[in-house]
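**Q** Since the structure of chain A is provided, determine the placement of chain B on it from the hints.
Chain order of the listed sequences is A and B.
Taking full-length UniProt numbering, the leading residue of the first sequence gets 1, the next gets one more, and so forth.
Taking full-length UniProt numbering, the leading residue of the second sequence gets 1, the next gets one more, and so forth.
It cannot be assumed that every hint is accurate.
List of simulated lysine-lysine pairs, DSBU-like, C-alpha gap at most 35 angstroms [unchecked claim]: (1) Lys-350/B <-> Lys-151/A; (2) Lys-38/A <-> Lys-95/A; (3) Lys-177/B <-> Lys-190/B; (4) Lys-350/B <-> Lys-147/A; (5) Lys-21/B <-> Lys-113/B; (6) Lys-95/A <-> Lys-350/B; (7) Lys-95/A <-> Lys-301/B; (8) Lys-199/B <-> Lys-138/B; (9) Lys-199/B <-> Lys-113/B; (10) Lys-105/B <-> Lys-190/B; (11) Lys-11/B <-> Lys-154/A; (12) Lys-105/B <-> Lys-257/B; (13) Lys-360/B <-> Lys-265/A; (14) Lys-11/B <-> Lys-360/B; (15) Lys-350/B <-> Lys-158/A; (16) Lys-151/A <-> Lys-11/B; (17) Lys-113/B <-> Lys-204/B; (18) Lys-138/B <-> Lys-169/B; (19) Lys-154/A <-> Lys-21/B; (20) Lys-265/A <-> Lys-350/B; (21) Lys-21/B <-> Lys-151/A; (22) Lys-38/A <-> Lys-54/B; (23) Lys-158/A <-> Lys-11/B; (24) Lys-21/B <-> Lys-11/B; (25) Lys-147/A <-> Lys-21/B; (26) Lys-21/B <-> Lys-54/B; (27) Lys-177/B <-> Lys-76/B; (28) Lys-176/B <-> Lys-199/B; (29) Lys-154/A <-> Lys-350/B; (30) Lys-199/B <-> Lys-54/B; (31) Lys-204/B <-> Lys-225/B; (32) Lys-69/A <-> Lys-58/A; (33) Lys-54/B <-> Lys-31/A; (34) Lys-158/A <-> Lys-21/B.
If you are wondering where the hints come from, they were derived from the structure by calculation, not from laboratory data.
Owing to the predicted nature of the structure, the values given are computational and were not obtained by experimental measurement.
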Amino acid sequence: MSFARYLGIRIFNALLVLIFVTFVVSILFVKVAEDDAKTRIAEVINNEARNPAILRLKASDPEAFEKWKSNREEQLRREFELDKPFWERVISKTKNTLLLNFGNARSPVFGEIKVSKIIEKAIPRTVLLFTTAQIIITFIGLLLGIKAAQKAGKFVDKLLSVLAMLTASLPMWWVGMVFILAFSFQLGIFPASSLPNPNLEGFAYYKDLLWRMVLPLITVVFVSFGGWAYTTRNIMISTMHEDFITVARAKGVPENRVIYGHALKAASPPIVTNVIIGLLGSLGGAIITEAVFNWPGMGRLYWVALQQSEVNLLMGVTYVTVALFLASMIIADVIYGYLDPRVRVGR
Amino acid sequence: MRLEDVVDSAKDFLYEFRYQKGGILGFILLILLILAAVFAPNITSPDVPERWSKEFWVENPPNVPPTWINYFSSEKLAPHEILSLDDMQVEELDGGGVLLRIVYKNTYDVPPKDIILQGFNVSSSDARNKPLMTITLKRPDGSEVVLIEDRKVSSNTVIQIATNTEVRKNVFEWAKKVSGAKLSPSEEIKLQALMDTMKILFGKADENIFEGTSPLHGDYVFEVKITYQDGDNTLDLSNLTAIFSGRTYGLMGTDSKGRDIWAGLVWGTRVSLSVGIAVAVLSVLIGIVYGVASAYFGGWKDEALQRFNEFMFSMPVLPILILLGAYLGHMALSQIVLLLVLFGWVGVAKVARSMALQIKEQTFVEAARALGAGSGRVVFKHIMPQIMPYAFSQMALSVPYAVMTEAALSFLGIGDPTAVTWGQMLYDAQNAGATINGYWWWVIPPGLAIALVGLAFVLIGVALDRILNPRMRTL
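So that you can see chain A by itself, here it is in the shape it has in the complex (with noise of 0.2 angstroms):
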């Protein structure tokens, strides 16, 4: 098989979660749309009956009072698009939502009222603060990893595998209230509140960002980087057993260039696909570190979504979440086929 031809398999399943995944979830939510709608009909009936003009017409002629409450249950529902079949309803949902069309939130988030716009301004924000946070932790992780890795059954490696074990076991964002005690309660030294300044402008406003998105990067890399770590350690041992290392140490190669060269280039395509799965984890445990953190991103619209019972930005949300993993996984392949040539030629 064809790298393109895998590549092209890889896309096309993507697609089919994709669309299968917002089509069970349309179900969902016309489902709830309706009950929405018919409690709104109600009301708005229930209010307009107490008009004077209508109690006169109740009070001297009922039949054409229940003939004017037919009437105008009937108008609400065609306004509401009950009239239509349900499976009508559910397939236009999907489209619009396949089309980025998820409608108006009742309220406005971050000063818009148009969910594709509200989620616009949140996804640069939330790749900020994970973008940021994998970059160190990939750091952090290869030097301790190879360190580890090196001293293999030493006290560095023991050590490493032990804060491994312990960060793993750690919630993040159960980490993150822990760390607003303690920094900004406690110590006072960050603000416990990430939402940034909306009255500050231009360098004032991101220098602002920036400082308020410390406490949630320590967070994060807090809790990831130990983990990370060990995951390189593994890697890079099982490559360091491989026959080219030893011939590599055979030939006189120094041991810099053999574990740099030599032993990380072989390692790459698994620790580059980890770094990626990796982001991709992460986006599941920010939802809640964000909300913790009230960081202006897509875990904060989650949050916000699901204590106002936001039914259109949640259906947005998940959507543009959902669509970035399916993407980030066909990146990472591209990238593993880029960097391992096995992949490329075929299995």
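**A** Leaving out everything else, chain B in the frame of chain A:
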């Protein structure tokens, strides 16, 4: 496998397990957690889950730290105490009536928040002739403060010393006399509204009494005198309690509803362990069966099963769980388990398939087939036993993930609201702004508990992996 083989391999396993220090630590942690889960009703009280989400725990002070912080701070805070009739001195009065003496030994720098007297049970034939109550406080410096004078007592009488208007007025007058301060009418109104009754009652009687900065230590005696009036009066005091609402409470303090955090922690182990273990066992079993079946069938069936597996693998779990949670409003624990299993088997199935593919091609399987073994026999007798070690370590390693995901869903407010869970406690803490108010006793313990469960299973899982998959040992 014969029984002797099973016993033998179990012996071997135990022999090796002894050398896994981490595994033993994890095992001890797990036993402690299981004990906490099983004996939760005995350690705390059996009605905790019922009361947890439904009511305010009025008898407890809200948002107070645990009692043991007194060991670490220079300022001693009064703990929470509930006194029943047995802790009081009861004296029958001539001419109908009782005199209760409640002795409170104050060695604290910060007195109780409030003193609540409740549980009077009065039946009288005439509503106008109810018994009358007078409460007098005898302080260690010899002075006496009349807190309440001739107040009618009925069955629903609840006296809250700190907020009762009559008490506040009396205490204010007394404190004004003691301090000798000359106050303008506006200052008087302000002081009377803002003063801390308890700090004045338990403070030194000098000119600084209104600041309430200098506590007076010693024995305080509350004399509650109840006299009957004419007519048929009966007074049953057997339910009477005096609650000294503390500035600290119990082992772990309380949250904003006055709930005992220790009770929540202990009961939370049940949910956490049962969800974690159920999800891990179910999803690993399904994954193994799926993977082995896929490898064993081969051909187009394998292809189809693998396509579906890949499909499931590319679904982001948490966003979809959140959506489903939002759709259902709240998820019951069984629903959470079901959904986590639905997404949890995928990775295991992949590994199990590749393992089964390798085993399938080995000569002993071929030999078994040549001897006429059927599919069932080959799968269950030759392939499965080789995969089970992987399954066990994978089960242990899946538990932390399930526990954390359940906690995450509860933290987002879409977990089971009727269950006492650690994630729910952290959700409440987040909503009450516990982090920015510094309620550390509310934020730290539930997360540590989650981490502890995770750590126990990670330790066990890694130890199992080292013993059962010897290839790992060279790493």
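**Q** Take the hints in turn and mark each one as holding or not.
**A** Going down the list of hints, with the structure as the test:
Of the supplied pair hints, the one linking Lys-350/B and Lys-151/A holds, its CA atoms being roughly 32 angstroms apart against a limit of 35 angstroms. About 23 angstroms separates the Cα atoms of Lys-38/A and Lys-95/A, which keeps this hinted pair within 35 angstroms; it holds. The suggested pairing of Lys-177/B with Lys-190/B holds, with an alpha-carbon distance near 17 angstroms, which does not exceed 35 angstroms. For a cut-off of 35 angstroms, the pair hint linking Lys-350/B to Lys-147/A stands: about 31 angstroms separates their Cα positions.
Restraint check for Lys-21/B and Lys-113/B: not satisfied, since their Cα atoms lie roughly 48 angstroms apart, outside the 35 angstroms limit. The hinted pair formed by Lys-95/A and Lys-350/B meets the criterion: a straight-line CA distance of about 33 angstroms does not exceed 35 angstroms. Between the alpha carbons of Lys-95/A and Lys-301/B the distance comes to roughly 32 angstroms, so the proposed pair stays at or under 35 angstroms and holds. With a C-alpha separation of about 15 angstroms, the suggested pairing of Lys-199/B with Lys-138/B holds against the 35 angstroms cut-off.
This hinted pair checks out: Lys-199/B and Lys-113/B have alpha carbons roughly 9 angstroms apart, not beyond 35 angstroms. Between the alpha carbons of Lys-105/B and Lys-190/B the distance comes to roughly 31 angstroms, so the proposed pair stays at or under 35 angstroms and holds. Restraint check for Lys-11/B and Lys-154/A: satisfied, since their Cα atoms lie roughly 30 angstroms apart, inside the 35 angstroms limit. Between the alpha carbons of Lys-105/B and Lys-257/B the distance comes to roughly 28 angstroms, so the proposed pair stays at or under 35 angstroms and holds.
Proximity of Lys-360/B to Lys-265/A is assessed by CA-CA distance (about 34 angstroms); at most 35 angstroms being required, the pair is judged to hold. Between the alpha carbons of Lys-11/B and Lys-360/B the distance comes to roughly 28 angstroms, so the proposed pair stays at or under 35 angstroms and holds. Between Lys-350/B and Lys-158/A the CA atoms are separated by roughly 30 angstroms; this keeps the pair inside 35 angstroms, and the hint holds. Proximity of Lys-151/A to Lys-11/B is assessed by CA-CA distance (about 33 angstroms); at most 35 angstroms being required, the pair is judged to hold.
Proposed proximity of Lys-113/B and Lys-204/B is supported: the alpha carbons are some 17 angstroms apart, at most 35 angstroms. For the suggested pair Lys-138/B and Lys-169/B, the alpha carbons sit about 18 angstroms apart, so the restraint of at most 35 angstroms is met. Only pairs whose Cα atoms come within 35 angstroms are accepted, and Lys-154/A paired with Lys-21/B is accepted, the gap being roughly 16 angstroms. For the hint pairing Lys-265/A with Lys-350/B, the CA-to-CA distance comes to about 27 angstroms; that is within 35 angstroms, so the pair holds.
Only pairs whose Cα atoms come within 35 angstroms are accepted, and Lys-21/B paired with Lys-151/A is accepted, the gap being roughly 21 angstroms. This hinted pair checks out: Lys-38/A and Lys-54/B have alpha carbons roughly 30 angstroms apart, not beyond 35 angstroms. Our distance criterion of 35 angstroms between C-alpha atoms is met by Lys-158/A and Lys-11/B, whose separation comes to about 28 angstroms. As the CA atoms of Lys-21/B and Lys-11/B are separated by approximately 18 angstroms, the hinted pair is consistent with the 35 angstroms bound.
Among the hinted pairs, Lys-147/A with Lys-21/B is consistent with the structure: their alpha-carbon atoms are about 24 angstroms apart, no more than 35 angstroms. Of the supplied pair hints, the one linking Lys-21/B and Lys-54/B is violated, its CA atoms being roughly 44 angstroms apart against a limit of 35 angstroms. Distance check on the hinted pair: Lys-177/B and Lys-76/B sit about 28 angstroms apart at the alpha-carbon level, within 35 angstroms; holds. Distance hint between Lys-176/B and Lys-199/B is fulfilled; the C-alpha atoms sit about 14 angstroms from each other, no more than 35 angstroms.
This hinted pair checks out: Lys-154/A and Lys-350/B have alpha carbons roughly 33 angstroms apart, not beyond 35 angstroms. Restraint check: the Cα-Cα separation between Lys-199/B and Lys-54/B comes to about 33 angstroms, which is no more than 35 angstroms; the hinted pair holds. As the CA atoms of Lys-204/B and Lys-225/B are separated by approximately 25 angstroms, the hinted pair is consistent with the 35 angstroms bound. Distance check on the hinted pair: Lys-69/A and Lys-58/A sit about 10 angstroms apart at the alpha-carbon level, within 35 angstroms; holds.
The hinted pair formed by Lys-54/B and Lys-31/A meets the criterion: a straight-line CA distance of about 30 angstroms does not exceed 35 angstroms. For the given pair, Lys-158/A sits about 13 angstroms from Lys-21/B by alpha-carbon distance, which is consistent with the 35 angstroms threshold.
Hints 5, 26, counting from the list given before, are not met by this structure.
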